[in-house]
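So the sequences go chain by chain: A, B, C and D.
When the letters of the first sequence are read in order and numbered with my numbering, they come out as residues 20 to 164.
When the letters of the second sequence are read in order and numbered with my numbering, they come out as residues 20 to 164.
When the letters of the third sequence are read in order and numbered with my numbering, they come out as residues 56 to 138.
When the letters of the fourth sequence are read in order and numbered with my numbering, they come out as residues 56 to 138.
What the hints contain is simulated information worked out from the structure, not anything from laboratory work.
Backbone N, C-alpha and C fix where the C-beta goes; we use that ideal spot for every residue, glycine too.
Incorrect hints may have been included.
As the list claims (entries may be wrong) - Here are the simulated SDA-like pairs of lysine to any residue, each with C-alpha atoms no more than 20 Å apart in a straight line: (1) K57(D) x K67(D); (2) K134(A) x I81(C); (3) K139(A) x D43(B).
As the list claims (entries may be wrong) - For the chain B half of the interface with chain D, some residues (derived, Cβ under 7 Å), not all of them: (4) F28; (5) A32; (6) D66; (7) Y68; (8) R74; (9) L89; (10) K132; (11) P136; (12) F137; (13) K139.
Residues per chain are reported as follows:
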Amino acid sequence: MIRVQAEDFDPGAELSRFRQTTTDVGAVATFLGLVRGDGGLIAMTLDHYPGMTERQLEAIEAEARRRWPLADALVIHRHGRLLPGDNIVFVATASTHRQAAFEACEFLMDWLKTKAPFWKFEEHAQGGAWVEAKSTDDAAAARWE
Amino acid sequence: MIRVQAEDFDPGAELSRFRQTTTDVGAVATFLGLVRGDGGLIAMTLDHYPGMTERQLEAIEAEARRRWPLADALVIHRHGRLLPGDNIVFVATASTHRQAAFEACEFLMDWLKTKAPFWKFEEHAQGGAWVEAKSTDDAAAARWE
Amino acid sequence: MKILYFAWLRGKTGVGEEDVDPPAQIADVRGLVEWLKTRSAGHADAFADLSLVRVAVNQDHVQPDHALNPGDEVAFFPPVTGG
Amino acid sequence: MKILYFAWLRGKTGVGEEDVDPPAQIADVRGLVEWLKTRSAGHADAFADLSLVRVAVNQDHVQPDHALNPGDEVAFFPPVTGG
């Protein structure tokens, strides 16, 4: 399941719900991404492409389900202006075995960081700037090509 | 933080608490292990060595903190008789970057599966038997030697 | 034809979305970009370095030689920078 | 000396924990095991295949040649099988 939203979410409540709707699995892996206040960051704004973002996230989830035997998968991604400490993204995967759950969760995060139509604008005391694409994230995604 | 307990735990509540006590991190990875009802399993009982189990889990957590820059780590492991669908183990790791959080979480799970003093007794309709050590888990742990 | 701009491309063009009616001889994305550059100094600036620009047509990533149809939704954006 | 048995070793010996006073000439884990085997048929059965038995002294994993002291806590268990 895919959700792209401006509103905050509650990672604990999401994990509880995910765990309850998933039956007879042995392994649930989750990842929560948060805004870091490194280097005096005041806020970051995630621009996105409504419609295409959801489509891409659905495609990424389908690809993960194709590659690993997942009982369930959840991706929640926020957009809009976020402050240090805010939740950005939550991914949960459920499978029979831990290796599949872990690998699918990492795969989803690598793709979200590199393929999903989100653009990051960072505000510092000196002003704001759009973040340029990082080659390390591309390298992380290239692992899966 | 390490907890070895017979009582159940609430993974969602644990994640919420972990997320709140961890400040200025970018990444929280978690893993939840559950009892699977595969092959007609009625129950499994985890025997452990009180005292040594806690010491080993603390050593494993310390080793993870030595290898990765973790802001925090949590391991909860149950013992006693558990039924299909029950929670067994919960691991959470927090770090600045997602790679460290994921790797430390997987590392902790690999070690818990192979080094922690737990012994599994499985009950089926035909009777009960102690589980023999699996070479695949040893192989998973050997990655880290 | 609906054109969308994201991130700094929106800042430079000054619009997030515009409806345009390019001349019939414009057949592909490359031609559309050249034509859009004539709309304003901001548009010309946005498309000054095309190595920084990615394109989607009807929400699918495409290359500059992708053929266009009148009802297409064409989006321009920089390489994505994740969450 | 406190001896602990876990998993099927407890089942075979019939005890989870016992206090023993081995003769003074027993110097290491290997010697202790040979002496424990004389306590009952169940003990002998538990230690029949030592490749299946792991040992901890004072909660640290040790090898069969580990030297023992009177106050030690010695635990016998199969290879761990995780959670």
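Comparing the hints with the structure gives:
Note on K57(D) and K67(D): the hinted pairing holds, with a Cα-Cα distance of about 18 Å set against a maximum of 20 Å. With a CA separation close to 29 Å, the supplied pair K134(A) and I81(C) exceeds the 20 Å bound. A hinted pair counts as satisfied when its Cα atoms are at most 20 Å apart, and K139(A) with D43(B) qualifies at roughly 19 Å. Of the supplied interface hints, the one on F28(B) is violated, with its beta-carbon coming no nearer than about 13 Å to a beta-carbon of chain D, more than 7 Å.
This hint is violated: A32(B) has a C-beta 20 Å from the nearest C-beta of chain D, more than the 7 Å allowed. Taking 7 Å as the C-beta contact cut-off toward chain D, the hint placing D66(B) at the interface holds, the least distance being around 5 Å. Taken as an interface hint, Y68(B) checks out: its beta carbon lies about 6 Å from the nearest beta carbon of chain D, inside 7 Å. At its closest, the beta carbon of R74(B) sits 6 Å from a beta carbon of chain D; the interface hint therefore holds under the 7 Å criterion.
With 7 Å as the threshold, the beta carbon of L89(B) stays out of range of chain D, its nearest partner Cβ sitting at about 21 Å, so the hint is violated. A cut of 7 Å between beta carbons decides the hint on K132(B): the least distance to chain D is about 4 Å, and the hint holds. For P136(B), the shortest C-beta to C-beta distance to chain D is roughly 6 Å, which falls under 7 Å, so the interface hint holds. The interface hint given for F137(B) is met, as the beta carbon of that residue sits about 5 Å from the closest beta carbon of chain D, less than 7 Å.
Checking K139(B) against chain D: minimum C-beta separation of about 4 Å stays under 7 Å; hint holds.
Violated hints, listed in ascending order, are 2, 4, 5 and 9; each of the other numbered hints is respected by the structure.
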